[in-house]
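*Asks:* Residue-level listing of the chains:
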Amino acid sequence: MSPSLQNWIDIFVRVLDKLPLTLLMMVLSLFFALLIGLGIAIIRIQKYRYLYGIATLYLSFTRSTPLLVQLFLVYFGLPQLLLIINVDINHWDRLVFAIMAFSFHTGAFLSEVIRSAYLAVGKDQFEAAYSVGMSYSQALRRIILPQAFLISLPNLGNNIIELLKDTSLAFTIGIIDIMGQVRIILGNNHGIGMFQIYVVISLVYWATCIIIESLVGYAEKVFRKGHVGLSK
Amino acid sequence: MITLKNIKKSFNKNPVLHGIDVTVNKGDVLVIVGPSGSGKTTLLRCINYLEKPDEGSISIDNFTIDEKSASKKNILTLRRKTAMVFQHYNLFKNKTVLENIMEGLLVAKKINVAEARLISMDLLRKVGLEEKANDYPTQLSGGQQQRVGIARALALKPSVLLFDEPTSALDPEMVGEVLSIIKNIANEGITMIIVTHEIDFARDVATKVIFMADGVIVEQGAPKDVLVHPKHERTKLFLKRLTPEPEYEI
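So the sequences go chain by chain: E and S. Residues 1 to 232 (my numbering) are what the first sequence spells out, left to right. Residues 1001 to 1250 (my numbering) are what the second sequence spells out, left to right.
These are calculated hints, taken from the structure and not from any lab test. Virtual Cβ for every residue (Gly too), placed ideally from N, Cα, C. There's no promise every hint is true.
Unchecked claim - With a straight-line cut-off of 20 Å between C-alpha atoms, the simulated PhoX-like cross-links for lysine-lysine are:
1) E:Lys221 to S:Lys1093
2) E:Lys123 to S:Lys1109
3) E:Lys47 to S:Lys1052
4) S:Lys1072 to S:Lys1026
Said to hold, decoys possible - Some residues of chain E that are not near chain S, with every Cβ distance over 10 Å (derived):
5) Thr65
6) Ile84
7) Leu95
8) Val132
9) Met134
10) Leu140
11) Leu150
12) Ile211
Please put together the full structure from these sequences, using the hints given.
*Replies:* Next up, the structure:
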């Protein structure tokens, strides 16, 4: 094996070594972001008094400030803020702060994905659910959300991919994910082989995205109910 | 027995119902006819609180609800005494035909799955769609979807069955199959309130007819009195427009 090929493989292996951490951040952030998104979406759809204002403010702030700023706010700002009320979270793992920041950030975007999907289901489905004697929460759980989920899938896929790439900012607070690993390799090499290393990490992100895309595409096929073919 | 007292409803200060009183006896088939915008659909939707009346009370059997007692719990109780067939079918798109009928049984009636399945299959047989049990609504024709809609409503064994223009969205060929099913149900003595534009059907199936215009009841009574020998000018005008005399010789 030529030394140069060996070199490529070495870099791949070292970058892939950190992929599980990147995926862990993505999956946990996605989980919490979905919960936040669902909550915010329902608050805004139902126009709950007081909560509506808070939700809209959160949405506006989160969508209008860079993720990097939010990450620093959570990592550096939140512990200081909580110290005022004598809560010390300085010893928490950096990963917790990163996941918090990513969840809040992605949650805002997902809330709009969920809200638009909910509205797209249509009033007629609610009316039918009510007419057979369902309560609001039963209608939501059994009829509306399953349909909204299907409608939201393409947008959800987009946001998952966006989230995956966003996790690359975690290295700025010292988390060694695949991006952090790349910085370490470059630091040790004094910047030699920069091109090669960035090509490798691009390919890793790219391949992961392709896998996510095909999973979402597969989910769309599985959850679609009674699709009637349309000739083109 | 169903009693509506002084039902009033406005949309954005635009009055649609000006205090409607209706009584329907058990086993009656009440047909409401009238021009578009007369408030007949709104009245029907008030009966199961899909529209909240601004004023007035609704009594079904021994349960009464008015604008002051319309809590979530009371509205749910009212809805569980009624069932509705919609103009645009409104079948649950994420459920199969069979599941569509079972939903109300499982959720509102708390019947177990096996029994709900039996009841639902029976009803599907009744509307002639047992072979479609596992299809999804999008795979059915309009007439078939409406038959499922009727089966879904029937499954609940409601005190009153509400029909909101059940054939208006169907093409002429399918109207017949749906109307004949409704006629069969009417013969079984189920209390029904039907909003429709099918005057011939109304004459056939109704035990009582109400003619509405501009948010008031203009005329009510036996089908032959209202639809064949109407007393009011407004009713005569409406019926005449439905069956226009040719203006030229063919």
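*Asks:* Now look at each hint and say whether the structure bears it out.
*Replies:* For each hint, the structure was consulted:
For the hint pairing Lys221 of chain E with Lys1093 of chain S, the CA-to-CA distance comes to about 15 Å; that is within 20 Å, so the pair holds. Among the hinted pairs, Lys123 of chain E with Lys1109 of chain S is inconsistent with the structure: their alpha-carbon atoms are about 23 Å apart, more than 20 Å. Of the supplied pair hints, the one linking Lys47 of chain E and Lys1052 of chain S holds, its CA atoms being roughly 19 Å apart against a limit of 20 Å. Our distance criterion of 20 Å between C-alpha atoms is broken by Lys1072 of chain S and Lys1026 of chain S, whose separation comes to about 26 Å.
Even its closest Cβ contact with chain S, about 37 Å, leaves Thr65 of chain E beyond 10 Å, as expected for a residue assigned away from the interface. The beta carbon of Ile84 of chain E sits about 41 Å from the closest Cβ of chain S, which is more than 10 Å, so the claim that it is off the interface holds. Distance to chain S confirms Leu95 of chain E as a non-interface residue, since its nearest Cβ pair spans about 37 Å, more than 10 Å. Look at Val132 of chain E: its CB is around 3 Å from the nearest CB on chain S, not clear of 10 Å, so calling it non-interface is violated.
Some Cβ of chain S comes within 10 Å of the Cβ of Met134 of chain E; the nearest lies about 5 Å off, and the non-interface call is violated. Separation of Leu140 of chain E from chain S is adequate, the least Cβ-Cβ distance of about 12 Å exceeding the 10 Å criterion. Once the 10 Å rule is applied to beta carbons, Leu150 of chain E is inconsistent with being away from chain S; the minimum gap is 8 Å. Even its closest Cβ contact with chain S, about 27 Å, leaves Ile211 of chain E beyond 10 Å, as expected for a residue assigned away from the interface.
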